[in-house]
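Trainee: Using the hints, put the two chains back together into the complex; each one sits in its own frame.
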Amino acid sequence: MILSETSRRWVLATPAVVAIMLFSILPLGVVLAYSFLTPGDFGNVKWIFSTDGWFSVLFERDIFDDTLALSDAHLTILLRSIGLSLATTLLTLLFGLPTAWFIATRPATQRGFWLFLLTIPFWTNLLVRTIAVQEMIRSEGVFNKVLLALGIIEEPLQMMFTNFAVLLGMAYVFLPLMVLPVYAAIEKFDFRLAEASYDLYASRLYCLRRVILPLVRPGMIAGSILVFVPSLGAYVTPRIMGGGKSMMLGNLIEMQFGPGRNWPLGAALSITLTILVLVALVWYTRLTSGRTERNHG
Amino acid sequence: MLDIRELSKRFGYGNGAVNALHEVSFSIAEGEFFTLLGPSGCGKTTLLRLIAGFTAPSGGALVLDGKDIAGMPPNRRPVNTVFQSYALFPHMTVGQNVAFALEAQGRRREEVVPAVNEMLELVQLMHLRDRKSSELSGGQQQRVALARALVAKPRILLLDEPLSALDMKLRKEMQIELKRLQRETGLTFIFVTHDQEEALTMSDRIAVMSGGRVQQIANPRELYDRPANHFVAGFIGESNFLTGHSNAGVVSVGPGTVTLAGVPDGPLTLMIRPEHVTLATSLPDALNLTAAVTQIVFFGTDTHVHLRLDDGTALVARVQNVLHGGRTFAEGETIGVALPAEALRITAKTEVQA
Numbered sequence: 001m002i003l004s005e006t007s008r009r010w011v012l013a014t015p016a017v018v019a020i021m022l023f024s025i026l027p028l029g030v031v032l033a034y035s036f037l038t039p040g041d042f043g044n045v046k047w048i049f050s051t052d053g054w055f056s057v058l059f060e061r062d063i064f065d066d067t068l069a070l071s072d073a074h075l076t077i078l079l080r081s082i083g084l085s086l087a088t089t090l091l092t093l094l095f096g097l098p099t100a101w102f103i104a105t106r107p108a109t110q111r112g113f114w115l116f117l118l119t120i121p122f123w124t125n126l127l128v129r130t131i132a133v134q135e136m137i138r139s140e141g142v143f144n145k146v147l148l149a150l151g152i153i154e155e156p157l158q159m160m161f162t163n164f165a166v167l168l169g170m171a172y173v174f175l176p177l178m179v180l181p182v183y184a185a186i187e188k189f190d191f192r193l194a195e196a197s198y199d200l201y202a203s204r205l206y207c208l209r210r211v212i213l214p215l216v217r218p219g220m221i222a223g224s225i226l227v228f229v230p231s232l233g234a235y236v237t238p239r240i241m242g243g244g245k246s247m248m249l250g251n252l253i254e255m256q257f258g259p260g261r262n263w264p265l266g267a268a269l270s271i272t273l274t275i276l277v278l279v280a281l282v283w284y285t286r287l288t289s290g291r292t293e294r295n296h297g
Numbered sequence: 298m299l300d301i302r303e304l305s306k307r308f309g310y311g312n313g314a315v316n317a318l319h320e321v322s323f324s325i326a327e328g329e330f331f332t333l334l335g336p337s338g339c340g341k342t343t344l345l346r347l348i349a350g351f352t353a354p355s356g357g358a359l360v361l362d363g364k365d366i367a368g369m370p371p372n373r374r375p376v377n378t379v380f381q382s383y384a385l386f387p388h389m390t391v392g393q394n395v396a397f398a399l400e401a402q403g404r405r406r407e408e409v410v411p412a413v414n415e416m417l418e419l420v421q422l423m424h425l426r427d428r429k430s431s432e433l434s435g436g437q438q439q440r441v442a443l444a445r446a447l448v449a450k451p452r453i454l455l456l457d458e459p460l461s462a463l464d465m466k467l468r469k470e471m472q473i474e475l476k477r478l479q480r481e482t483g484l485t486f487i488f489v490t491h492d493q494e495e496a497l498t499m500s501d502r503i504a505v506m507s508g509g510r511v512q513q514i515a516n517p518r519e520l521y522d523r524p525a526n527h528f529v530a531g532f533i534g535e536s537n538f539l540t541g542h543s544n545a546g547v548v549s550v551g552p553g554t555v556t557l558a559g560v561p562d563g564p565l566t567l568m569i570r571p572e573h574v575t576l577a578t579s580l581p582d583a584l585n586l587t588a589a590v591t592q593i594v595f596f597g598t599d600t601h602v603h604l605r606l607d608d609g610t611a612l613v614a615r616v617q618n619v620l621h622g623g624r625t626f627a628e629g630e631t632i633g634v635a636l637p638a639e640a641l642r643i644t645a646k647t648e649v650q651a
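Sequence lines, in order, name chains Y and G.
First residue of the first sequence? That's 1 in the working numbering, and the numbers climb one at a time after it.
First residue of the second sequence? That's 298 in the working numbering, and the numbers climb one at a time after it.
Extracted from the complex, chain G is given alone in its bound form (with noise of 0.2 Å):
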């Protein structure tokens, strides 16, 4: 539905020049829910502006149902944003406010008033429908923002950063709502954040950015189990990082040696999720190496414990605490570590600096 191909944006000319995006390709499907992730200065917001025609690609094409977009005014695309800072009208009412997309198409008013109606009822702010928009708090601004963008039923629906600015609780309701807003619709939402969790709650699909490039796209899950690169791995969750030397297939970190099917020979960094350490064991099929206990950290349903190999490299191991029978630690403690072989992936070809 959206082919994004060799999309670039250049800022400044010259040697002063800066690569925001370097020639980016995807395509989005109908109905998905999109994330683009990233740090910021990834480049995210620098495509979703693309997207909505505020800015001019410096290359590439952006075809939205096999038509070229990206000469296209944003007051002419059939796409709409939900702003990071709602940027609502506050000489406007929620109803007028909400309206506005609409009356600027030039739409009728029997046309208007029941389609903001619908709208209001949508995200449940009926009852200010007459309120002036200042007057709203942040998450009712949220919901105005986005009733404002759907309004008009655009093809698809930008939404930079929506959540940032409200709290911890309030950031949990809205991504409940916005899913369901998606699925009611079945609009096709791109998503930008820089919050890990989130795009991994709510999104169908992920593209993690760094560098003006799009580093993965994938579902949340391959995410998580099948960083690409080093970059992912390290972004979407908590990583353990191992640098080794392969040779015939053997992997050694150590004193401690495991068998990786296709690795090629030479240095190279392997990664493992914290609760794929195993404690207080050697597995077949792993990597058996031996650390010290340097810390213990209690979370309620699981608990941290900071280890220390022989070589200095620290590692975190996350342990489920249990009713009965869970093996405690104590701080500075020696243990054996079990790294299963089905946990560790291979981020980086040579060492990388973490």
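Extracted from the complex, chain Y is given alone in its bound form (with noise of 0.2 Å):
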């Protein structure tokens, strides 16, 4: 068979084609299209055309007088998501910063073995991992029986369940993904522009932040995002660290599609999920092209 280059084209771009139809456009298009039904009386739906899923993400009605009032859970739930994706972003940068720095300042010949010991918990199961975390600071934990032993506390702290064990449980879990990009960042870093901003009487906190960061920057951001999302969008973490009581995004929307039976509410959380991780992936294309323009021309 003889074809144009054009329709040549179009026969190998096929498959990939016929995937993202597949596993991308259809299962979206099935959640916005369940996200405007009706709840069925044991799960699934009824196709019957209702924007009541969409209503519940930050509304309640009330049962008596029918008014519609902020949900003040549903309203919690999302802005700990944000707080404790942002909150998880930060901490990793606070500890991954350093941890970069000091793998590429190793001699070439020793990055390879640190990156390696970095990416070991890789390797292990995230439920397996957690629950180490957790290990460490549940009541009878490593944490709390170190400092009873040591006579710094006398009852055992309660660290589970709350949004500081969520916070570590994911700090700890994500922080490779910032490690790794901040550096790459680094090791591209020409230590002669350190020099040459010492030599023009730079002292050393001033070239970190007129000549270092600026330059490691498009890594910061890029492992801010990398953290950030998949923050954002955590189940298995804040479900073992946070029990019911510290609840995140995707253990809501987890509970819609189980024991609360309200299947469009839930594809509606998912969409409102998905949304916010476009909105902050637009905000970091915009701060890194925006910086690579100016640094390219």
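In short, the hints are calculated from the structure, not lab data.
Just so you know, these numbers come straight off a predicted model, no measurement behind them.
Here are the in silico distance ranges between beta carbons for each label pair:
#: 1; chain 1: Y; residue 1: 285; chain 2: G; residue 2: 431; range: 18 to 28 Å
#: 2; chain 1: G; residue 1: 431; chain 2: Y; residue 2: 286; range: 15 to 25 Å
#: 3; chain 1: G; residue 1: 476; chain 2: Y; residue 2: 283; range: 51 to 61 Å
#: 4; chain 1: Y; residue 1: 117; chain 2: G; residue 2: 320; range: 44 to 54 Å
#: 5; chain 1: Y; residue 1: 9; chain 2: G; residue 2: 414; range: 50 to 60 Å
#: 6; chain 1: Y; residue 1: 69; chain 2: G; residue 2: 428; range: 49 to 59 Å
#: 7; chain 1: Y; residue 1: 285; chain 2: G; residue 2: 428; range: 19 to 29 Å
The following residues of chain Y were derived to be distant from chain G, with all beta-carbon distances above 12 Å:
#: 8; residue: 11
#: 9; residue: 47
#: 10; residue: 287
We treat Cβ as the ideally placed atom computed from N, Cα and C, and that holds for glycine.
Mentor: The structure is reproduced here in structure tokens:
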């Protein structure tokens, strides 16, 4: 069969197009469609159009007088999700930057070893890693036992099932996602520039602020996105570390498809999460493209 | 103004230690264009980095205006550097790069802006002030690096092979430009290069370095005419070396003899520049030898005649090409070679393997 250049290209692209349709567009379409339907009695949906699912994302209807009010529970979870994700990003940045700096400034032959150490936890199941963190901070956990033995505290600290526990768990799990891109940026950094800045009367702090950070920033932004996006949709970690007390969006969505039996609400919440992630990504793109444009003309 | 006293630098410890600089001592005068010249690994860059403060000396003192600055960090020394790689800040504009030193010193904006503009005028880059430094050509980056290092009016400007990345034509232009800048600013320049021609054309004085030691410090003319030793003679300009023997002031090379003043007895090495070798004649007060012409290379303004002496020593004579009456030579011809006594230099007391 003889094909023109254009149609041959389309034939070659077919598997990709089919995959995108099948695994991305179609499921999203289903979720979007479900968000506009009526909940079934025992889960699933009835094919009756309704915007109740979307209303319930932020509002609740008073059962007595039918007035709409902001849903405190959902709003709390939404804000907690955003807040905890931002906090996780900041915490991983705080610990990831010095870690990446340390690795990038080792002799080239040693860097592989340190990166290898950093990625070891990646081979372990997320659930196992999270439970390991739980083991550290639960009432009878390592942390409390040590503090009790040292006599610093008299009663075990209740750290589990708090925002702090979720934050700690997520920061631990996502730290490598921050370190790797920041490391890549620092490794590319030309240390002769730092030398030049010292020569031109810059103090260490001034050099860090004016020369190093601006050039490492793209890596920091990439790392922040890599941490922020999965944090926002995190499910396992808040489930284990936060339980029912410190729920995040992922847990709320799961609840709608499980015991809540409100699939349209679950679908609407999923779309909301997707939009939040998109907003973060657009912000990221603009932040970096503006910078590279100014860098390279 | 700058006194370098027995400055040394060792890298590593114990048996693996490398002496990059051996107790080097000399002084640089105010407003001088001083060049450190030598092959790679001779210690010139190490010395420059010691003056800049990027590395600490293993011993000795570095006295600037009567004060020992050897222990002072680079950001407190009134010394700025033009780096070989330029090391311009890629995320900043030309103007921001030039302003860096003044801003780092915490100068006020009203001071910074006019100073930056003045510098950009000096290096003729005013029209590129708001460009990213990464958008510039090599020659332009070079000028930005110069302006950036000059803006804070340092006591000494260090230049680490700043022209080596430029092509031939641009390099010649920048040599003139650098000389102009040095005259206009009246600053002391310490220039590092491995290019002897660059050193000869630009410098007031040159320190020829080798193996972590200063071999000779002199002005270009002196260095060329009276090289202190074999290394300097070989490194600066083209040289012919002959081995001979001296006895009571009479130096004999093969069948020829010449009387030279102040020569100790024993074997020695003589040096003569190709332009001083006189062909097809014998002269009084000269070392007169015979040689076979092995090759003739035409260079436009002059011709290089390659010769071989009877004992196998190779020799090159440079003959100026004249309009009329020039003697022509043929390969294979045997001719007389006269080496005038006044052009002969003793570069080693004993025989040296070249």
